Amino acid sequence: MSMLRNDYAHFMTRVQQKKQDKQERIARAAWDLFTQHGYEKVTTRQVAEQADIATGTLFLYAASKGDLLVLAFEQALRDATQPPEKLPDSIQDTVRLLFSGPLHLYGQHRQLARHFLLEVLRGGSRSVTESNIEQFAQTLTHLLQQASEKGQLKADLDARQAARNFFGIYMMVLLEWLPSVQDVEDARQKLDAAFGLQWSGLEAK
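Residue numbers (UniProt numbering): 1 to 205.
Take these hints with a grain of salt, some might be off.
[Claimed, not checked] Straight-line Cα separation of at most 30 Å, DSS-like style, residue types lysine-lysine; simulated pairs:
| no. | residue 1 | residue 2 |
| --- | --- | --- |
| 1 | Lys86 | Lys150 |
| 2 | Lys86 | Lys41 |
| 3 | Lys41 | Lys22 |
| 4 | Lys154 | Lys86 |
| 5 | Lys150 | Lys65 |
| 6 | Lys190 | Lys154 |
| 7 | Lys65 | Lys86 |
| 8 | Lys65 | Lys18 |
| 9 | Lys65 | Lys19 |
| 10 | Lys190 | Lys150 |
| 11 | Lys41 | Lys65 |
Honestly, the hints are just simulated from the structure, not real lab data.
Just so it is clear, the structure is predicted and the values come from calculations on it, not from any experiment.
Work the whole structure out from these sequences, hints included.
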């Protein structure tokens, strides 16, 4: 019986991996087309052809073009938020580095990012967005907890809540900056100023 369970578990793992691989292929195909031609000009059929799958299969992963955009942009955000192997010694510089990747991505593809945030607010591919946010929050929580243990931040720091606070500040700055005509450096300066207030309450005395 245990052999059957192991075989079934192995089979399900392969099925899940194939599904994940196909989702990533769709996301990257959609990203290539959206960034080359613009969101409005791309069709779901074009994405299916680029990903080398049937249109019906595509709709199993994204029910609409808006969902496709969320899927594609979230994949790009996952790539942009991967922390480098060598991090700065300062937790302040580390956190700034973590948020610089997605901010740069938004700056590079600003018009597409506006469409993306509208789709996210409408609830498009919610599970993908929530998974990304949770993964980023875990990384940030871990780094803040390490800084607390090293004495850089308060010993009794609630690292999980602090991570949520930083992400909330980031989102407020992003939502204010994205519709404006200001460049990405203005967004970085606003983020640094807002984070500065947060750090003042977290640093070890």
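Hints and how they fare:
A hinted pair counts as satisfied when its Cα atoms are at most 30 Å apart, and Lys86 with Lys150 qualifies at roughly 17 Å. A distance of roughly 40 Å separates the Cα atoms of Lys86 and Lys41; the hinted pair therefore is violated under the 30 Å criterion. Between Lys41 and Lys22 the CA atoms are separated by roughly 23 Å; this keeps the pair inside 30 Å, and the hint holds. Note on Lys154 and Lys86: the hinted pairing holds, with a Cα-Cα distance of about 24 Å set against a maximum of 30 Å.
Restraint check for Lys150 and Lys65: not satisfied, since their Cα atoms lie roughly 46 Å apart, outside the 30 Å limit. Annotation: proposed proximity of Lys190 to Lys154 holds, straight-line Cα distance about 25 Å (limit 30 Å). For the proposed pair Lys65 and Lys86, the alpha carbon gap of about 38 Å is over 30 Å, so the pair is violated. Proximity of Lys65 to Lys18 is assessed by CA-CA distance (about 22 Å); at most 30 Å being required, the pair is judged to hold.
As the CA atoms of Lys65 and Lys19 are separated by approximately 19 Å, the hinted pair is consistent with the 30 Å bound. Simply put, Lys190 and Lys150 have alpha-carbon atoms about 28 Å apart, close enough for the 30 Å limit, and the pair holds. Proposed proximity of Lys41 and Lys65 is supported: the alpha carbons are some 11 Å apart, at most 30 Å.
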